[in-house]
Amino acid sequence: MNGIINMTRRDFLRTGVLLGGGLVLGFSLSPQRSSGETTTQSAHPFAPNAFIRVAPDETVTIIINKSEMGQGVYTALPMLIAEELSVDWKKVRIEAAPVAPEYNHTEWGNMQGTGGSSSIRSSWIQFRKAGAAARVMLITAAADLWQVEPQTCRAKRGFVINDATHKRLSYGQLVEKAALLTPPKDVELKQPEYFTVIGKPMRRVDARDKTNGKAVFGIDVKVPGMLTAIVARPPVFGGRVKSFNAEKTGAVPGVKAVVEIDSGIAVVADSFWSAKTGRDALEIQWDENTLSLPDTESLRKQYTGLAATEGAIARKEGDAVKAFSQAAKQISAGYEVPYLAHAPMETLNCCVDLSADRCDIWTGTQMQTADRDAAARATGLPHEQVKIHTTFLGGGFGRRANPWSDFVVEAVNVAKAVQRPVKTMWTREDDIKGGYYRPMWRDQISAGLDAEGKLISWQHTIVGQSIIAGTPFEQMLIRNGIDATSVEGAEDIPYSIDNILVSLHTTKIGVPVQWWRSVGHSHTAFVVETFIDEAAHAAGKNPYEFRSGLLTKYPRHKAVLELAAQKAGWGEQLKAGHGQGLAVHKAFSTYVAQVAEVSVDGNGAVRVHKVVCAVDCGRVVNPDIAKAQIESGIVFGLSAALFGTITFSNGRVDQNNFYDYPLLRMKDMPEIEVHIVKSEEQPTGVGEPGVPPVAPAVANAVFAVTGMRMRQLPMTPDIISGAAKKPHT
Amino acid sequence: MITLEVNGKKYEVEVNPDVPLLWVIREQLGLTGTKYGCGVAQCGSCTVHIDGKAQKSCQVKVKDAQGRKITTIEGIPDDHPVIKAWLSGNVPQCGYCQPGQVMTAIALLDEKPRPGDNDIDDHMSGVLCRCGTYQRIRRAIHKASAMIAAEGKQERRNPEQDKPKKKKTGSKKSKKSQKTKKTKKTKKTKTKGEQQ
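Residue numbers (my numbering), protein chains in the order written: chain H, 139 to 867; chain R, -13 to 182.
For the record, the hints were derived by calculation from the structure and aren't laboratory data.
One or more of the hints may lead you astray.
Capping the alpha-carbon separation at 20 Å, the derived lysine to any residue pairs in SDA-like fashion look like this [what the hints assert, rightly or not]: (1) K47/R <-> K805/H; (2) K646/H <-> S436/H; (3) K360/H <-> Q14/R; (4) K394/H <-> K47/R; (5) K414/H <-> K49/R; (6) K805/H <-> K129/R; (7) K39/R <-> R100/R; (8) K360/H <-> E13/R; (9) K805/H <-> S111/R; (10) K360/H <-> L15/R; (11) K748/H <-> R125/R.
My request is simple: use the sequences and hints to build the entire structure.
Set out below in structure tokens:
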């Protein structure tokens, strides 16, 4: 199963139009087909449900309602169907689902989307049942033809076989007959002990096309007659165009139009370079009269003030204030983490072909239904006339799941203005400055220990913006004024402490914010897991044993902690100048512990040498993809721990591109070891849970080396040398 | 009119001579495997070979690419050891940066057939991967290096295999001879490049 063929762009566009636009990307896993070959639809496929089509030519098309953004859903979800249907993997084709109710997320209401490390968990039963239903119908069709009991037949690798008569019919031969049957109401699923596909490290179906450059991302889409647009957006969030002069832009060869849209001024040209050159030549007067221009230094002061007071209560057990006042030992600290951009390698883009009665949208999106609805509002077309074609995503990390469909609506507005197919593209600078960041957070935390070193009080106050307020997820995720994503990982700490108080101040700042890989956990794990480390030291205990002793009610946390510590050789002699730190955290129902080994050079630069990780994500569908996701999360978390920050001066984003918003590079890459706990529990997510523990594990290791507590991210040399001078408050 | 030689094919394009080669490759030639990531030589997604050397095509004006041999990811055969090592190591995730990674890795191996980890750090640090596939990339480079070395040995043992033998059917053998041919081709290009 190592061949994967993209339809050429022209082909898939044509097919998309012919088929009513439902299918953007179709590719076969069969290596025999040439890349130019159009993957046409068979006349009479057997389509027992929305996820499977079996054709007379034996191809099994699996329609995937989750976006492939690197996490491996195009491989792992078909494995669930293949397990039950027993297909010849070489005959499998993958298609991106159109927007339709049957493709809604099983946990998100009336919405199709990808996120929250939920794809496998939420499709685990759905996809297996889809495969099993198809199998039952194919077997019934064969049994009817042979006039035998269905129980005497079995399905194997694309055939139905009767062992008594040794007769066999291929799925393709059974299509016509099976198509006449009514799908079964319910089906029995395979018992896990009989799994032959689930649990196998099958190679990614998209690996070849992604290695040889054939994979089609949104940025690669080309529609006949298409133009390219680049938008000049206000330098401050909430700014508007006051006036503009496009004379110089109009003189740039290739520029076809300059149009004002809601979000700014779009320069539309026959190529990226002309559009960009045209945009650079624009003279725009902006109306910056926004309520308040964010400024990082003033935000720090404002947040610090709020953090000193109690916020809305997220969790209260016992009397943490009283217990703290009676504690033999008291420790407290303030923490701060910055705004962060998602910075996927593929900058945002969206191609729109709009006519009087139809709107086709090609983009890499994580939120198809919201995008379709937003495009319908923007065009005035009924929903069914708006078609979303999901391409491969050159990274998502949450950015391509915008509740306001910002990059889609803008592209639709451009297409509306120029009445030509147009691809709106973002430069890297547009992406870095474009907002929808992981919020900045300020945490204040204190703990009290009794004379024996037992943790008796834990008070944690969190200050920051809500990413959920104003989105369709508000009803689901904001309760009693608490945005669950602001306090996740803090209000549910697993440690046995009698008196706990966690509270939240939700700020309103004019910076667009959004979920960013691992969401609230991306800051709470850093705070909780470095502070629990500090508490261990205050108690005079080994941080591993201290945690372990407090995890009595949470065996899965404890098990990953033990496994990571054991595999990392926790407490063993290290190279001179090296130190170890650990962290354990549950996110998206997956338990992860990490041990980081670091050194710090004379300038205060942190070098992470090794990260050993233990993961309990329930039953694993594809262990190699699961490992890859955890490796990926660790690197993502390290970029934030060591480098990432978005700051504001007078409302303007200070960063521009990778030279001032750096990501981890090969030379910074630690060795990563991932150990997966064998489990028969329900499968849980792996896309995000690798992120949260790495910053605290590294911070705790920096403490082991330097004796300095890290209370701020990123852990830059400046901060490390500065931290030495700060008292532990 | 600009004349370009890309993947052994001549193209004539009418384009502003100052446009970065990246955009001509992507938009005029339709070779979209070469990616845009930053436009300022920071991410390496746009890496191509110019006269056998890895270059960030966002920094090369198209006029300066005239008369030189350009190879993009589309010019790398699927049975190239680097591609094969990438697949066996299940390297890509979102996949967007991978053509740039592959092109940079091939140039590294052309220059240093047996690179150490420090060489990999030096050569590969210019190509960002937001999915963090670096560890797998490192392993795949070592693997490709071993594959190329094994092919070299094979080549020395059976020099006659180099000679083009069309319609050879023994699949394993013919594949190997193809590989050998391709490796030689790349080297040839490089030698030419060095002469220029």
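* Is it true that the CA of K748/H sits at most 20 Å from the CA of R125/R? -> holds (16 Å)
* Asked: K47/R and K805/H: Cα distance at most 20 Å?
  -> violated (29 Å)
* Asked: K646/H and S436/H: Cα distance at most 20 Å?
  -> Given pair K646/H, S436/H holds - Cα atoms ~14 Å apart, limit 20 Å.
* Pair hint K360/H and Q14/R, alpha-carbon separation not exceeding 20 Å -> holds (11 Å)
* For the pair supplied as a hint, K805/H and K129/R, confirm whether the alpha-carbon distance does not exceed 20 Å. => Judged against 20 Å, a Cα distance of about 19 Å means the pair holds.
* Between K394/H and K47/R, is the straight-line Cα distance small enough, at 20 Å or below? -> The hint is violated at about 23 Å.
* Measure nothing beyond the straight line between the CA atoms of K805/H and S111/R; if it is 20 Å or shorter, mark the hint as holding. => Measuring from Cα to Cα gives roughly 6 Å; hence the hint holds.
* Is the straight-line distance between the alpha-carbon of K360/H and that of E13/R 20 Å or less? -> Holds - the C-alpha atoms of E13/R and K360/H are around 9 Å apart, at most 20 Å.
* **Distance restraint between K360/H and L15/R, which requires alpha-carbon spacing of 20 Å or less** => With Cα atoms ~12 Å apart, K360/H and L15/R stay inside 20 Å; holds.
* Pairwise hint evaluation, K49/R against K414/H, where the allowed Cα distance is 20 Å at most -> holds (19 Å)
* To do: Sort out whether R100/R lies within 20 Å of K39/R, counting only the CA atoms.
  => Holds, at roughly 17 Å.
Consistency with the previously given hints fails for numbers 1 and 4, ordered from lowest to highest.
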